[in-house]
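Colleague: Sequence:
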Amino acid sequence: MPVVCAPRLQKLWMQKTSVLLFLAWVSFLFYAGIALFTSGFLLTRLELTNHSSCQEPPGPGSLPWGRRGEPGACWMASRFSRLVLVLIDALRFDFAQPQLSRVSGEPPVSLPFLGKLGSLQRILEIQPHHARLYQSKADPPTTTMQRLKALTTGSLPTFIDAGSNFASYAIAEDNLVKQLTSTGRRVVFMGDETWNDLFPGAFSRALFFPSFNVRDLHTVDNGILEHLYPTMDSGEWDVLITHFLGVDHCGHKHGPHHPEMAKKLSQMDQVIQGLVERLENDTLLVVTGDHGMTTSGNHGGDSELETSAALFLYSPTALFPSTPPEVRPEAPVSSIPNTDLSSLVSRFLHTYSAVAQDLQVKELRRLQNLFSKASADYQRLLQSPQGAEAALQTVITELQQFLRGVRAMCIESWARFSLVRMAGGAALLAAACFLCLLVSHWATSPGFYFHPLLTAMAWGLTGAVVCAGLLAAAGLKLDSVVLGAVAAVGSLLPFLWKAWAGWGAKRPLVALLPMPGPVLLLLLIRFAGFFSDSFVIAEARAAAFLLISLVLFLVARLHWEGKLLPPKLLTIPRLGFLTPTGPPRHNGMHALGLGVGLLLCIRLAGLFHRCPEETPACSSSPWLRPLASMVGGRAKNLWYGACVGALVALLVAVRLWLRHYGNLKSPEPPVLFVRWGLPLMGLGTSAYWALASGADEAPPRLRALVAGASVMLPRAVAGLAASGLMLLLWRPVTVLVKAATGAPRTRTVLTPFSGPPTSQADLDYVVPQIYRHMQEEFRGRLERTRSQGPLTVAAYQLGSVYSAAMVMALTFLAFPLLLLHAERISLVFLLLFLQSFLLLHLLAAGIPITTPGPFTVPWQAVSAWAFMATQTFYSTGHQPVFPAIHWHAAFVGVPEDRAFTWLSALLVGTNTFASHILFAVGCPLLLLWPFLCESQGPRKRRQSPGNEAEARVRPEEEAEPLMEMRLRDAPHHFHAALLQLGLKYLFVLGIQILACALAAFILRRHLMVWKVFAPKFIFEAMGFIVSSVGLCLGIALVMRVDGAVSSWFRQLVLAQQRAGEQSSLACKGAGSSARETQPHLLPPCSQDLLASGTSLFYNPKS
1 MPVVCAPRLQ KLWMQKTSVL LFLAWVSFLF YAGIALFTSG FLLTRLELTN HSSCQEPPGP
61 GSLPWGRRGE PGACWMASRF SRLVLVLIDA LRFDFAQPQL SRVSGEPPVS LPFLGKLGSL
121 QRILEIQPHH ARLYQSKADP PTTTMQRLKA LTTGSLPTFI DAGSNFASYA IAEDNLVKQL
181 TSTGRRVVFM GDETWNDLFP GAFSRALFFP SFNVRDLHTV DNGILEHLYP TMDSGEWDVL
241 ITHFLGVDHC GHKHGPHHPE MAKKLSQMDQ VIQGLVERLE NDTLLVVTGD HGMTTSGNHG
301 GDSELETSAA LFLYSPTALF PSTPPEVRPE APVSSIPNTD LSSLVSRFLH TYSAVAQDLQ
361 VKELRRLQNL FSKASADYQR LLQSPQGAEA ALQTVITELQ QFLRGVRAMC IESWARFSLV
421 RMAGGAALLA AACFLCLLVS HWATSPGFYF HPLLTAMAWG LTGAVVCAGL LAAAGLKLDS
481 VVLGAVAAVG SLLPFLWKAW AGWGAKRPLV ALLPMPGPVL LLLLIRFAGF FSDSFVIAEA
541 RAAAFLLISL VLFLVARLHW EGKLLPPKLL TIPRLGFLTP TGPPRHNGMH ALGLGVGLLL
601 CIRLAGLFHR CPEETPACSS SPWLRPLASM VGGRAKNLWY GACVGALVAL LVAVRLWLRH
661 YGNLKSPEPP VLFVRWGLPL MGLGTSAYWA LASGADEAPP RLRALVAGAS VMLPRAVAGL
721 AASGLMLLLW RPVTVLVKAA TGAPRTRTVL TPFSGPPTSQ ADLDYVVPQI YRHMQEEFRG
781 RLERTRSQGP LTVAAYQLGS VYSAAMVMAL TFLAFPLLLL HAERISLVFL LLFLQSFLLL
841 HLLAAGIPIT TPGPFTVPWQ AVSAWAFMAT QTFYSTGHQP VFPAIHWHAA FVGVPEDRAF
901 TWLSALLVGT NTFASHILFA VGCPLLLLWP FLCESQGPRK RRQSPGNEAE ARVRPEEEAE
961 PLMEMRLRDA PHHFHAALLQ LGLKYLFVLG IQILACALAA FILRRHLMVW KVFAPKFIFE
1021 AMGFIVSSVG LCLGIALVMR VDGAVSSWFR QLVLAQQRAG EQSSLACKGA GSSARETQPH
1081 LLPPCSQDLL ASGTSLFYNP KS
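Residue 1 is where the sequence shown starts when you use this note's numbering, and the numbers rise one by one after that.
Honestly, I wouldn't trust all of these hints.
Stated by the list, open to error - Pairwise CB distance ranges (calculated):
id, residue 1, residue 2, range
1, R655, L1054, 50 to 60 Å
2, R407, E277, 35 to 45 Å
3, L903, E226, 27 to 37 Å
4, A376, S81, 28 to 38 Å
5, S266, R365, 52 to 62 Å
6, P200, S81, 53 to 63 Å
7, Q121, S81, 25 to 35 Å
8, A458, Q1051, 27 to 37 Å
9, A172, R407, 15 to 25 Å
What the hints assert, rightly or not - With a cut-off of at most 27 Å between alpha-carbon atoms, the simulated DSSO-like pairs for lysine-lysine come out as follows:
id, residue 1, residue 2
10, K636, K263
11, K263, K137
12, K362, K373
13, K178, K137
Hints were generated in silico from the structure; no laboratory data involved. Idealized CB from N, CA, C, for every residue including glycine.
Please model the complete structure; the sequences and the hints are all you need to start from.
Modeller: Given below as structure tokens:
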């Protein structure tokens, strides 16, 4: 290779490195802001380690009841010697509610879960003094671990614990299990393994079963039943706790309205009946649910169905002096107005307020005074009980007010906000957004250089090291969040100062917003919408509306710029800032059809929607549920055929696209994998769907085989996808090289006419073409008669080499992501690819190609791409709330007996943010697609100065487009365009996370902060992190292809030099006519390639 290429290659390598490192640094700025804000917003409440003991009475004075000297007695004599606690996970109140007699004339209510716990109704009717059924209200979040903590400690669950629902920590607070074991009770447990994490080593005997596999309805329940009755008969227990999971798992897998729910509830009814028959007179039976479930079978929020749980009490001895009313009201904690509970709460309040500063002082003082007055009245009542009926009612009312007031105050103050950290995190996010806006506009200026981008990271690293050294020298604790924020600010401020002083101050601030007014308006509407809980709840419809509005603006803009239809066909006036930029690249009706097709796809994708729990009148799409939840066999088979058809259509579309641009003819390994590996991936996916949809119907002798195949097939598909990506990274240049003897010939394009020429202009156009075509034919015959000619190397498909690599990478990623979703989501994935194709073509119709640069992607393209990612997030059945998380994805390709691990968490996260991954990785297509679409429209050969006379004598030839090879003509502008595209995409995503942070900061005391704003912030933060990583990977893939193309050229030149003969190189599929060589159209180092005796031509694809 000529030596002159070395400095240029080094410069290009530095530009690529600078772009990737700068994007990574900007992402780090956002990460630091998110972490700093989160550390001040999502704080857990302070847990007290104090434990009560029998030596400390709950209130002042001696206890009037019980004898503390009795064995096993503490504060008061125990009424029962034994307790059987049956916890049925997700036992909603209406699951256990007795069936009321039906009024004549009304149609019968037929729901699978109604009337299945018949033993409870019989007991309530036959033994009304021995049993009670209550409706308990669970405090949100209604996730299992938080409810177990609340049931055993009596405390309020905190929001931050919802994220650690499957990574529980041991309870440090005073709790029921610890008190029972400290008094010598033998506590036996069997069921959910979450109890082992909460109470390690606390049970005298325990049988734990894995709990996270929501598809397994029977393993935990059958394991309990195998040991339950033998344990009861043995008598080696004082407290027996069982935690059944079948009802909860049935809700997650099938929903409460599935016939399988009736089977599980009938099984639980038999369990209760068997326990009642074995109870002794000194034993209390408690059957309760920890929470409820929604109509879709999920839980975690605070809706009525999620917080409604059943509580059933029974004993062979009489418990209540009177019979219960027909309709039992709910029984909140505050309806037990005894001084024991109130004294405990008062002592807790006093201890907590002494160590924490998050309780309201005025309200705390009022509650303390209320309790002191009630305690004094109670003491007077004990001293003179005659005629104290009215006084007793007054004491009860005061204690109820006290308990309700304490609960309300704790609920309001359960999160201790750090306003300094929240404000600092929001400010850092705003500064990062401003940086993206500044540098994205700076990247297209003539004086832009890549070298200053690296100095910011050096400042940040130096600041972090200095800060860490000072803290370590002072002996202070290193807070990683604060250290990261200091590093971010230390690197950001010098860069902003230097950039603003050197470039930004010379231009007005409004110049930083070159985006069109309608696009800016849509972004502002979306930004302001995050401050409304109604907008966040209805964001699925709002995102589709904004996307449709943007598509209509794109179509109207094409007309205003004169690229769609002639003005006489549309009478819409053009905006003042829009002027015609040139002739249309596409036919007007073709572009209009793209817009109509895109709008139709958006509406079809909206059919796949999950309704928020705040909109009970809405009905979620039944197509989001897996095929295994369907009852009818014929309907299931039809849907399975439709899903497989969508998969085949996706494969065929990708192959046809690659064939259209000629890349499918390449012998490179990635193309061979597309030919043979993709069909295997499709076959494996279809087979997995068949097994997953019919696993419950498989014969018993084949279930082990089906279970093994259900694990291996997803792994095989994921392994094939990883292999395809590795091959693509190894050999990303998908071109076809042919060598032949003889000089390359040009192709003259003859325009067909339906009849003879009708005017002099037609004759002037056709006759010269016929003459040149005859001339070339004679020249070709003369060349073929030569005995030997120069060696010609023809390279095809260079014009689409970047886009082909991106499309193949996205296809390889789509298959593993599709496996993590329900089968019918394959239709959404097909719509996703179709939407992207239509949007890219519509955007390309309005983006002019400037040669030799600078290249730019308009704001409307980036905004539409981000809106489509959000719309696809909702169309795949997701919602920014924890109950809507698709937990079933954790078991795709994972054995059912495997405990929850980091792999399961990764699978769930990948399922949730699949749309973010695909659109972030495919973001560079916004830059590449306009050049790819250059081949769809005619372009005239540019005439050099001085050739006007020749142009008048001979009509212009139709030039073949260079397509994506134009980007290699100006590598500096190419890399700057990639940087600008990445920063614009980060800006659009950044203002969304900034809006969520500001909404949570301003509305931190709002009623819906933990219901709406906090989950939305968490999902947006995680989505931004995933999108930023995917964006860097997508840009890195484009740079890998660009480097591989450069290596391909260098290797070809070296091969020609070693051959020692004069040869020529024809690069086809890249664009221009081969009549003459144009050095300014060549890739880097092509001038040296010419100097070595090799000619480079651009010809059409074969």
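Colleague: Hint by hint, say whether it matches the structure.
Modeller: Okay, the hints, checked on the actual structure:
Distance hint check: the CB atoms of R655 and L1054 are about 34 Å apart, inconsistent with the given range 50 to 60 Å. Between R407 and E277 the Cβ separation comes to about 39 Å, which falls inside the hinted range of 35 to 45 Å. Checked against the hint of 27 to 37 Å, the pair L903 and E226 passes, with Cβ atoms roughly 30 Å apart. Between A376 and S81 the beta carbons are some 36 Å apart, a value that agrees with the proposed interval 28 to 38 Å.
Between S266 and R365, the C-beta spacing of about 54 Å keeps the proposed range 52 to 62 Å intact. Checked against the given bound of 53 to 63 Å, the beta carbons of P200 and S81, roughly 27 Å apart, lie outside it. The beta-carbon spacing between Q121 and S81, approximately 28 Å, falls within the hinted interval of 25 to 35 Å. Between A458 and Q1051 the beta carbons are some 36 Å apart, a value that agrees with the proposed interval 27 to 37 Å.
Separated by about 22 Å at the C-beta atoms, A172 and R407 satisfy the suggested range of 15 to 25 Å. Only pairs whose Cα atoms come within 27 Å are accepted, and K636 paired with K263 is accepted, the gap being roughly 21 Å. Distance check on the hinted pair: K263 and K137 sit about 26 Å apart at the alpha-carbon level, within 27 Å; holds. Annotation: proposed proximity of K362 to K373 holds, straight-line Cα distance about 17 Å (limit 27 Å).
A C-alpha spacing of about 24 Å is found between K178 and K137, which places the hinted pair at or below 27 Å, so the restraint holds.
Comparing the model with each numbered hint stated earlier shows that hints 1 and 6 do not hold.
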